[in-house]
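Enquirer: Chains as they are written, first to last, in this note's numbering: chain A, 241 to 598; chain B, 241 to 598; chain C, 241 to 598; chain D, 241 to 598.
One or more hints might be untrue.
Copies of the same chain look alike in the list, so a pair counts if it fits in one copy or across any two.
With a straight-line Cα cutoff of 27 Å, these simulated DSS-like cross-link-like pairs (lysine-lysine) come out [to be verified]:
1) Lys431 to Lys577
2) Lys280 to Lys353
3) Lys280 to Lys369
4) Lys369 to Lys577
5) Lys577 to Lys456
6) Lys277 to Lys366
7) Lys431 to Lys366
8) Lys577 to Lys353
9) Lys369 to Lys277
10) Lys366 to Lys538
Read the hints as simulated data drawn from the structure, not as lab findings.
Number of protein chains: 4
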Amino acid sequence: MNFASDNIVGASAPVLQSLVQANDGAMAAYGADEITKRVKARFAEIFERDLSVFLVTTGTAANALALASMVPPWGLCVCHEEAHVIDDECGAPEFFMHGAKLAGLPGAGAKLKAESVAAYVQGLPKAIKQMPPKALSISQVTECGMVYSLDEIAALGQVCRENGLSLHMDGARFANALVSLGCTPAEMTWKRGVDILSFGATKNGCLMGEAIVVFKPELAEALDYRAKRAGQVVSKGRLIAAQFEGYFANDHWYDNARHANRLAGLLSEGFAALPGVRMAWPTQANEVFPIIPAAMDKALRAAGVLYHPWTQVSLPEAERVGTDEALIRLVVSFATKEDDVLRVLEIARAATSRQAAE
Amino acid sequence: MNFASDNIVGASAPVLQSLVQANDGAMAAYGADEITKRVKARFAEIFERDLSVFLVTTGTAANALALASMVPPWGLCVCHEEAHVIDDECGAPEFFMHGAKLAGLPGAGAKLKAESVAAYVQGLPKAIKQMPPKALSISQVTECGMVYSLDEIAALGQVCRENGLSLHMDGARFANALVSLGCTPAEMTWKRGVDILSFGATKNGCLMGEAIVVFKPELAEALDYRAKRAGQVVSKGRLIAAQFEGYFANDHWYDNARHANRLAGLLSEGFAALPGVRMAWPTQANEVFPIIPAAMDKALRAAGVLYHPWTQVSLPEAERVGTDEALIRLVVSFATKEDDVLRVLEIARAATSRQAAE
Amino acid sequence: MNFASDNIVGASAPVLQSLVQANDGAMAAYGADEITKRVKARFAEIFERDLSVFLVTTGTAANALALASMVPPWGLCVCHEEAHVIDDECGAPEFFMHGAKLAGLPGAGAKLKAESVAAYVQGLPKAIKQMPPKALSISQVTECGMVYSLDEIAALGQVCRENGLSLHMDGARFANALVSLGCTPAEMTWKRGVDILSFGATKNGCLMGEAIVVFKPELAEALDYRAKRAGQVVSKGRLIAAQFEGYFANDHWYDNARHANRLAGLLSEGFAALPGVRMAWPTQANEVFPIIPAAMDKALRAAGVLYHPWTQVSLPEAERVGTDEALIRLVVSFATKEDDVLRVLEIARAATSRQAAE
Amino acid sequence: MNFASDNIVGASAPVLQSLVQANDGAMAAYGADEITKRVKARFAEIFERDLSVFLVTTGTAANALALASMVPPWGLCVCHEEAHVIDDECGAPEFFMHGAKLAGLPGAGAKLKAESVAAYVQGLPKAIKQMPPKALSISQVTECGMVYSLDEIAALGQVCRENGLSLHMDGARFANALVSLGCTPAEMTWKRGVDILSFGATKNGCLMGEAIVVFKPELAEALDYRAKRAGQVVSKGRLIAAQFEGYFANDHWYDNARHANRLAGLLSEGFAALPGVRMAWPTQANEVFPIIPAAMDKALRAAGVLYHPWTQVSLPEAERVGTDEALIRLVVSFATKEDDVLRVLEIARAATSRQAAE
């Protein structure tokens, strides 16, 4: 029972099948093939507008290239202090941005409030010693499993426009957020002010397929050169594109995300119903963050359930994890089986009863 | 009939099959899985020694990371003036090396002579205005389809050791060179002084699978961090590793390379036998560079044969391409059919006869 | 009455005179001259050991080069969250370090405690997503005018050694700290574990003369190349060196610093004695940080006294600046006249009486 | 008798005097002072138009910042293969441009012809593997002491406009070129298509005073941030500005350059009149490049005359330096004495006679 991440499984069947089919025959290299062209057109349909798309192999590359397209080497990019871009990518953004700086702001649930961003940006000294703020990056789903509402995104978009920032969305779990909000891709992005998007597909069913989707045309101008010099233009490019064809066909990506979110909800409700357990943050997508008794943590691990402990940095104001408690993260993927969810809950429940009995 | 590159086909069947098999089940992400471990051990077997291996998705990334591991930002990397690293990667090496410089030297057949490298390096001013030379990068196979002999590599390795340079081999067509020389991987690399290798597998059968193989341990020290911040650590890493398992199994990679080299030989002999045709450089691997009459060039293109015109920069001293001639490159891959080779030769022969008749 | 900074005056007379004398005649360029050689030897005498010295024109260049010598592009440099290097140099360190990251930790008085640094460094995840910590940078005098004691430096040096970090001291006000502690340069640096020092001389009497002093030899290896490619190797280099000759001769630099510190003490005591005034941080060098009534702030400005408001970020735990108060910084330089100090105090005192009368 | 460079002397008297005068009193730091403002206005007068000026301490910094303002990290900057920017600055341009590439073209006398530049730029592949050309940098005076005519600059400017390049002039010896052509600063720069200029003043009389003069406004937009993060914003900035005040006052800079050029002419004519001596390139500014018999070279060195041997790379097509000859460079500065010139010629002449007598 592996709930460590949504990266631990391979591709979903339709994606793999699409890849295998695309493997036959000869086609132009470096993304000049027909499949890549079709996929780019498909992105435009999905987002209901003209846009530019760049296919890459990792979310880190997507994020770092997106940030570099917005922020000059002497600029500042605002993000949450626990954002993946600032915390988990070994400085990839700083490398791709040639030394530009990430400024991490606090916020419960790893969410940024529009007023915090505005206050921070407007409070910066106006002087050449101060790197000027050029962009905001938000994660949808956040690092604490929360989903920005459409109004929240719109408010952040407004702050960005008023202060001359571009707005990036790290959509590593884009589909999970979409399904959670029940809105269209357009509504969750450019219609609310998002300028550039890291469209994650690997976690939700691809092998290694991520896309940078650009809504503000000037951000796309040099991205092909940037991607090439970053070693991100795959020679047999159709094999990336083909993954997206399988991903998009018959709303497969929605199905995958719905499955993961539904089971995460089940898992969350199950944990929440147990005595001594509470949720660090509400379950809004495919990640569950219960605060559990240490004994339950031990029992789960003993039973071979795999998951990560989590940081308390972005807990709500009043919340604290006790010394005999553990804050953990359980990630549900498109491939997780309902039986595994039920078994985990069973083990947790048993640990509770046992403790009660003692 | 597509002879444009060895990138235009998908993966070979055993590689694809290995990928599909590896897709099932849950495994640790980011290369901490069992398949990746097995593949790394396999590399050590193949090269008959301890080494470090880093799996990446493109040859450009492999080269740029390898060069960055050898050359500090203020250093110089010597290469051929037509090397892929200096000419075809949109500055990826300069990006990864943080502004270090590539110095391109001339040489027929895109080969560097040990004495030219020594003379260049020793002739550089000893002053802080001069970026100090730190590495040499050679391409095996070269950009003109030639193969360095073991003695030539050893001589370059000697020059490197004597002058404090590390030696990198861009092995985008490593297997083709190996089969051409009939030697072992060890003999063609570390036993002749190569310190770090871009081990190309994509052109010879993988989907997107390249490896950086490090023989000089200090060059490997930070490569994991470098790869991570370059966005080259794929989350579902086993899907890269699995390609190599299929590639290595049953000497499949040798078979692929042998096939390509054999058909390239056939193609080369066929062209060479035609009146008015001569070879710009000898055919030593899977690329053929005939200088053909303009009429033949026209006829081939009219018949739908796809290939690229080539640059004359590295022609042998006395050689020139006439105004009514064309220097072209035909690349044969593991997937090329003998029938296609024969048909191309037939079209070329017909063009010759027609011209003779006129 | 200008207390805005110690940068607002020119050079002190002996420094200027030394420059003028050095101007005559022909000498080798780019620091290969006799004066530069003498000055380097002088540094070794002053610090009582072998060392390397690099002369540059700005403190930002000195800091950025020093940090770049310690931290690879994928590394982390710990510093105080208000350090000059992280806050006031428009990303120069990130530029010179090629995207390495500065991690700012909190601490009252802009001082870092050894235990905080140790806890932070040891708490970082051991994973390739985590940039590895490679250096610590401290400011002596701190950004809040405080001076690390010898024991405090030694404790930080110890933490650095135990955790594989190099230790940098930003000595923009090195002489002021030295005079404050009454110790030798050696005692305040390498004898306590400092590996590399930005030796500031501009604020204390030079025109534009800063030195990078390297105690750990490997940090000096490439600094000449780094300085050259940063455009910091002045062609008429003797004119930088000559400033240091004047600066060091007859302990002139000590005299300058003693003067500044003494007057700062006078200013501090004067303010502290006024009703409604308290010190944000103790006055330990040449900067005074009183928290004053808003009316006094207004009166001082109305009288033409120039100074900067200051940030509250590093106030002691219990301290807060009231809404009708102002936290200000007054900087005293080698050129400040005692009369000006007395007049400022007079204006402040008058403001107090006036307020009392109202 | 030191003819090694024009960097080997200090500042000229009026420049030094201006510096000394500016040293008194308090002024705003970091270039916000009155002298800096006056100097910037003076530049606008001298160049007869609106412009932006950035004062820095070295020519390398001026060049590297200028190039970085024109060329994005994935772009190409064309220059002569012997240009100072590509050969003598330890990669400073590549550092400041974040890995952008310099492409060196050949040309006699280190001059580039408009048609060569056009042919090169238009011949580059249109593909993402090819870094796109964004700028041309020319040296006025060239590295072989030659001066571009106004028509030649105009033709290069035309090529730049037609191909979307910005045009940079490295004016390390700007005044010497100006005096040589007898034109105005405007005529030699923006009126002929120059977009940005490294205005060198150190070699011609300043201590360390260089200016980046920007005619194309968008190139100036971020230069203040770039200069700051390069550690090039001197805190006591007025002391740089003051040098320019002395330099410009009473046409002092013209006088200095006229003196140097006149003596260089004298030296050149004297050498040219000697048997066995010819000029590698015509003497057009303050540098003389005679090809002399080895015996004369030996005699000059024996007599203590200091100068550098020079490279033959940019000799005119038919010219070669014999095995018993030496190509040398003699640089005359504003401070060179006519007597020294005459003595050098006397020694050379004596060497000739002696050889004739043998």
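Enquirer: Tell me, please, which holds for Lys369 and Lys277 at an alpha-carbon limit of 27 Å: within, between, both or neither?
Expert: between (45 Å within a copy, 19 Å between copies)
Enquirer: Please work out whether the CA atoms of Lys431 and Lys366 approach to 27 Å or closer within one copy, between two copies, in both situations, or in neither?
Expert: neither (31 Å within a copy, 35 Å between copies)
Enquirer: Which holds for Lys280 with Lys369 at a C-alpha limit of 27 Å: within a copy, between copies, both or neither?
Expert: The answer is between: 21 Å across copies meets 27 Å, while 41 Å in one copy does not.
Enquirer: Should Lys577 paired with Lys353 be assigned to within, between, both, or neither, using CA atoms and 27 Å as the limit?
Expert: neither (35 Å within a copy, 49 Å between copies)
Enquirer: Between the shortest in-copy and the shortest cross-copy C-alpha distance, which are at most 27 Å for Lys431 and Lys577: within, between, both, or neither?
Expert: neither (35 Å within a copy, 51 Å between copies)
Enquirer: For Lys280 vs Lys353, is the C-alpha pair at or below 27 Å within one copy, between two copies, both, or neither?
Expert: neither (33 Å within a copy, 43 Å between copies)
Enquirer: For Lys369 vs Lys577, is the C-alpha pair at or below 27 Å within one copy, between two copies, both, or neither?
Expert: Classified as neither; 54 Å inside a copy, 29 Å across copies.
Enquirer: Check Lys577 against Lys456 for me: Cα-Cα at most 27 Å, and say if that holds within a copy, between copies, both or neither.
Expert: So Lys577 and Lys456 fail the 27 Å test inside a copy (40 Å) and across (46 Å) alike.
Enquirer: From the Cα coordinates, with 27 Å as the cut-off, is the pair Lys277 and Lys366 best called within, between, both, or neither?
Expert: The answer is between: 19 Å across copies meets 27 Å, while 45 Å in one copy does not.
Enquirer: For Lys366 vs Lys538, is the C-alpha pair at or below 27 Å within one copy, between two copies, both, or neither?
Expert: For Lys366 and Lys538, only the inter-copy Cα distance (23 Å) is at most 27 Å; the intra-copy one is 52 Å.
Against the hints set out earlier in the document, violations occur for numbers 1, 2, 4, 5, 7, 8.
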